[in-house]
Each structure stands twice: as structure tokens, then as C-alpha cells.
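Number of protein chains: 2
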Amino acid sequence: MRLIKTVFELEAWFVETGRRNKTLGFVPTMGYLHEGHCSLIKAAKAQNELVVVSIFVNPTQFAPGEDFENYPSDIDRDCKLAIISGADAVFNPEVEEIYIPGSSTVIEVTGEMTKKLCGASRPMHFKGVTTVVGIFFNIVRPDKAYFGQKDAQQALIIKKMVMDLHIPVEVIVCPIVREADGLAMSSRNVYLSPEERKQASCISGALQKAAEYLENGVEDRCNVVQLVEIIESHIRRQNMASIDYVRIIDGETFDDIAVIKPGRTVLAAVAVRFGKTRLIDNRILSISWEVQKCL
Amino acid sequence: MRLIKTVFELEAWFVETGRRNKTLGFVPTMGYLHEGHCSLIKAAKAQNELVVVSIFVNPTQFAPGEDFENYPSDIDRDCKLAIISGADAVFNPEVEEIYIPGSSTVIEVTGEMTKKLCGASRPMHFKGVTTVVGIFFNIVRPDKAYFGQKDAQQALIIKKMVMDLHIPVEVIVCPIVREADGLAMSSRNVYLSPEERKQASCISGALQKAAEYLENGVEDRCNVVQLVEIIESHIRRQNMASIDYVRIIDGETFDDIAVIKPGRTVLAAVAVRFGKTRLIDNRILSISWEVQKCL
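Chains as they are written, first to last, in the working numbering: chain A, 20 to 314; chain B, 20 to 314.
Some hints could be false.
To be verified - Computed, partial: chain B to chain A, Cβ under 10 Å: (1) Ser122; (2) Glu131; (3) Met132; (4) Asn157; (5) Ile158; (6) Leu184; (7) Ile186; (8) Val190.
Note that these hints are calculated values from the structure, not bench results. Note that beta-carbon positions come from the ideal geometry of N, C-alpha and C, so glycine has one too.
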């Protein structure tokens with residue numbers, strides 16, 4: 020496994036490995052890898068001849084006052100986890116290597132999709148994400164790129180960018196990986212105090228409650244207002260939890276939906292703060308035949 | 020020579036021609052080809068094994084009231100000129116092939132570079148240009164792409180986009196091709212009435228005057244205010260000409276300059292309206308030793 024710091028070294032490694040005639044899978048990360056990232060690397064390894072993992076804490080997707088300066092980092096541990104999971108190279112460039120001095124070009128998915136949910140709390144966030152992912156796609160030129168379903172809105176926006184700009188990369192979204200108590204894996208979980216960490220399992224618990232409620236549903240339960248109430252009330256039982264949003268949305272467009280209709284992907288998406296730590300999670304909801312009857 | 024209408028057909032043509040192992044030159048145009056375009060195609064042919072010319076009148080770079088609806092078109096003639104000049108394929112997609120329905124992603128070079136000169140008269144223009152060129156680069160994936168020096172600001176902005184986003188394309192800018200009387204070749208010259216056409220040669224004439232003035236310069240002539248005055252007064256002699264801008268700028272940054280310094284590329288850039296027709300032109304200025312002395 021090779022640790023690569025510059026675009027120049029990466030190009031040399033491409034020549035060395037004969038990547039021109041090989042399929043390449045790419046896993047972009049901000050480092051401090053966890054089992055969620057590892058699952059992406061393993062998926063990439065299973066589907067490609069070469070796997071590149073990038074570790075780059077992207078300044079343009081953080082607002083002032085967010086955790087850019089303190090984002091957790093452990094490059095040695097990351098390299099070990101990347102190797103174990105099947106990476107052939109870790110690309111860990113400096114900021115100036117990606118954003119050359121005076122850089123001023125942005126890639127932006129405009130419209131409602133980037134303004135709601137996390138886009139409402141973090142207005143410049145997705146423009147930073149699409150710009151840096153677009154840059155990495157140009158540098159790495161992968162056949163397939165892997166993203167986690169935990170960042171569902173990010174994955175949707177990247178898919179839209181790729182489609183709109185005809186970027187020759189297949190975007191693959193892998194399932195959320197969870198801790199034993201259900202908490203979605205995130206590099207930011209390390210910020211939580213022991214008590215916050217304990218309470219944070221309420222998020223996945225609330226999504227589980229909503230799923231069960233729908234699965235055992237009766238006719239009057241297809242209204243999303245009730246679903247949101249189930250999720251919110253479960254989270255509110257934890258005194259350290261502060262809800263940013265709870266939304267029941269169309270999985271293709273992220274538009275709010277009033278009634279759950281069969282045959283469409285429906286997502287329950289949640290953001291909750293514990294102190295300064297903002298956690299997100301989501302769950303695809305399926306509806307039983309009993310519920311569908313009432314539509 | 021192949022006329023290709025869809026991305027799917029283009030991909031098939033790539034397979035057929037074995038382009039994976041060939042160098043590819045790309046000449047993006049809005050059609051209605053003239054000798055300026057032909058010079059780009061010839062340059063591409065000289066430097067690449069395959070040459071693709073695109074003909075696409077890009078709606079997003081026109082403002083309401085501009086000439087999108089009436090932009091001149093003659094695809095049969097264009098194909099003939101493209102063949103003669105050395106094109107292997109002409110890619111002439113419909114708008115919906117490039118901008119898929121619901122498309123909302125933009126590529127934008129932000130900052131002063133896109134706001135001055137033509138960006139001041141046409142505020143959304145360059146965002147449309149960078150977006151469509153970025154899309155075509157993703158579809159065609161050329162090794163080299165060819166642009167004309169007549170659209171100097173466009174060429175500079177595309178170079179900046181390519182550099183900032185690490186797009187793996189070499190941008191090559193070819194010299195302006197002129198009519199016998201000096202008028203820079205442009206598809207829009209066809210809009211001019213016979214009298215306007217006659218008067219329009221004043222633009223290149225004015226740039227020529229400025230160049231001669233500097234070449235024969237004396238110490239007090241290095242001030243750009245004088246240069247601008249020379250150009251403007253020459254154009255104003257034509258009663259149908261209305262000046263949009265005359266600027267003496269740094270050729271690397273397009274910043275206004277007060278004094279011409281040796282060792283830097285200096286550009287005289289001009290936009291002039293004749294009736295509804297807006298023409299642009301520019302000239303790289305060199306300075307004699309006598310002038311340099313006064314700096």
C-alpha cells in the first residue's frame with residue numbers, strides 16, 4: 020500500500036501500476052476512518068482492480084465556527100485500516116495541492132435539493148462538497164466512486180452533479196454501518212462525552228420506532244405528521260439531545276411528502292445536536308400492505 | 020467524417036475508432052464555422068490522432084434578448100468545412116442531450132476575472148460557458164482542446180477552470196484569424212449590414228494604431244490613458260460604432276494596468292456595438308526599448 024501526498028506522485032503511481040488498463044475504485048474520505056469507511060473500501064476492492072482512498076479534510080465544506088480546525092485525525096491508523104480493507108493507495112494531499120493558490124472555481128448543484136435539511140443548517144456546505152469531489156474525480160479519474168448512505172443528501176447531490184455534468188464515474192452508495200447500540204458510525208462520534216454517547220443511540224432507536232410503526236401500520240398511520248412525532252418524541256426523551264430536523268422525504272428528490280405512497284423510496288432523515296456535536300442518520304422506510312390500502 | 024447527435028453514438032464511435040489508445044483533440048464551437056474555427060481544427064489535426072468538433076449553441080451563455088434564437092446556423096456547410104479542415108467527427112447534440120431535463124449543476128469561475136469586460140455587459144455569460152465546456156470535456160474527454168484568442172477572456176477563464184478543477188485537458192489558444200480588411204472572424208459578422216460591415220474594420224484598425232503608437236513610442240507614451248484614447252478616437256470616427264469597452268489589461272489576470280511594464284503580456288481588448296451586433300477584438304501589445312526606458 021502506497022501513501023501518496025501529491026498529484027504528481029499519484030500520476031507516477033498510475034503509470035507504475037498500469038492503471039490505464041485497470042478498473043479503479045475511489046473512496047473519498049476526510050480520514051479518521053471507521054467501519055463505515057472500511058465497508059466502502061471493501062466494496063471498492065470487490066468491484067475494481069485498484070482502490071484509491073483519499074484522506075482530505077476539505078476546508079470549503081466547513082463554515083467558520085464549525086469543526087474544521089479540530090476535525091479528528093490519525094493518518095497512521097487510517098493507513099492501517101485502509102490496507103486491511105483492501106486499499107492499494109492512500110492519497111493524502113495538503114490543501115494547497117487540491118486548491119492551488121488563487122483558486123476560485125466552484126461546482127454547485129443549485130436548486131432546492133441543496134438548500135433543505137443539512138443545506139439549511141450549513142448553507143455553503145454542499146457547494147464545498149461538490150467542488151472538492153469534482154476536483155478529486157478529475158485527479159483520480161475513477162471508474163466507480165463509493166459514498167455512504169449515512170450522508171444521504173450528500174450522496175444524492177453528488178449523483179445529481181455526476182448526471183448533470185456527464186462525469187464519467189459510477190457513484191455507488193453503500194449501507195450505513197452502525198455501532199452495537201445502533202448509532203450510525205461517524206468520525207464525529209469521538210466528540211461525544213460518555214453520557215452524550217449513551218444518549219445518542221436514541222437517534223437510530225427513533226428511526227427504528229418509525230419503521231416498526233409503519234410495518235405494523237393500520238389505515239390511519241400513513242400520515243407523516245404522526246411519523247415525525249414518533250421520531251421526535253423518542254429523541255426528546257434524552258435530555259442532552261437537541262433536534263435540528265426530522266423529515267420524511269422522497270428518497271429520489273428529498274422533497275417533503277405528506278402521505279407515504281407505495282412504490283416510492285421514502286426516507287426518514289434526522290439531524291440531532293449533542294452539545295457542539297451534530298449527528299445525522301436516516302432510514303429507508305417500507306410500508307406494509309395494510310398501510311398501503313389507505314392511500 | 021461522422022456526424023454524431025448523441026452521447027451514446029459518440030461513445031460507440033470512440034470504441035469503433037479505438038480512441039482509448041489515441042490522442043484526441045477537441046474544438047468546441049457554436050457552429051456557422053469560419054476560417055477562425057478552421058484554424059483551430061487544423062491545429063487540432065496537426066497535434067492529435069483524432070479530432071472532434073462540437074457544434075452546440077449553448078442556451079445558458081445567452082441572456083434573454085441576446086441572439087440565442089437567431090444565432091446563425093448551417094450544419095451542412097459546417098460539416099464540409101470541418102472535413103476539409105481535418106475533423107474526424109462533428110458532434111452536434113440537441114440541448115436536452117447536454118442539459119438533461121431538471122439539470123441544475125453549474126461550474127463557475129468566481130471573482131473579478133469573470134465580472135469585468137464582457138462579464139460586465141453579459142453577467143451570466145461566463146458561468147454558462149464554463150458549465151457547458153466542463154460538460155463537453157466530461158463527454159469528449161480530450162487530451163487537448165482548442166480555443167480562439169479572439170475570445171481572450173473566455174480562453175483565460177477556461178484555462179483557470181481547468182487549472183482550479185484539475186481537469187485533465189490541455190487548453191490551447193490559437194491566434195485570431197482576420198478578414199482582408201482586418202476584421203476579426205466571427206459568426207456574428209453575418210449580422211452586419213453592408214455599411215456596418217465596412218465601418219467594422221475600424222476595430223482592428225484602432226488596435227493597429229495603438230500597437231504602432233507603442234512601437235514608435237517615446238517616453239511620455241507609456242501611460243495607458245493615451246492608448247485608450249487612441250483606440251477610442253479611431254473607432255468613434257465611424258458613426259455607426261458604439262463602444263462597449265476599451266481596456267488595456269494584464270494578459271495573465273485581465274486586471275487593468277496604469278502603466279505598461281516590460282516583461283508582462285499586455286492586451287488591448289475592445290467591444291463595440293454596430294446596431295444590435297456586438298463585436299469583440301483584442302491585440303497583444305509589445306513595447307519598444309524607448310518606451311521601456313520611462314518605466
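Here is what the structure says about each hint:
1. Ser122: Where the cut-off is 10 Å and the nearest Cβ of chain A is about 4 Å from Ser122/B, the hint holds.
2. Glu131: Since the shortest Cβ distance to chain A is 9 Å, the answer is holds.
3. Met132: holds, 8 Å
4. Asn157: With a minimum Cβ separation of about 4 Å from chain A (threshold 10 Å), the hint on Asn157/B holds.
5. Ile158: holds, 5 Å
6. Leu184: holds, 5 Å
7. Ile186: Since the shortest Cβ distance to chain A is 5 Å, the answer is holds.
8. Val190: violated, 13 Å
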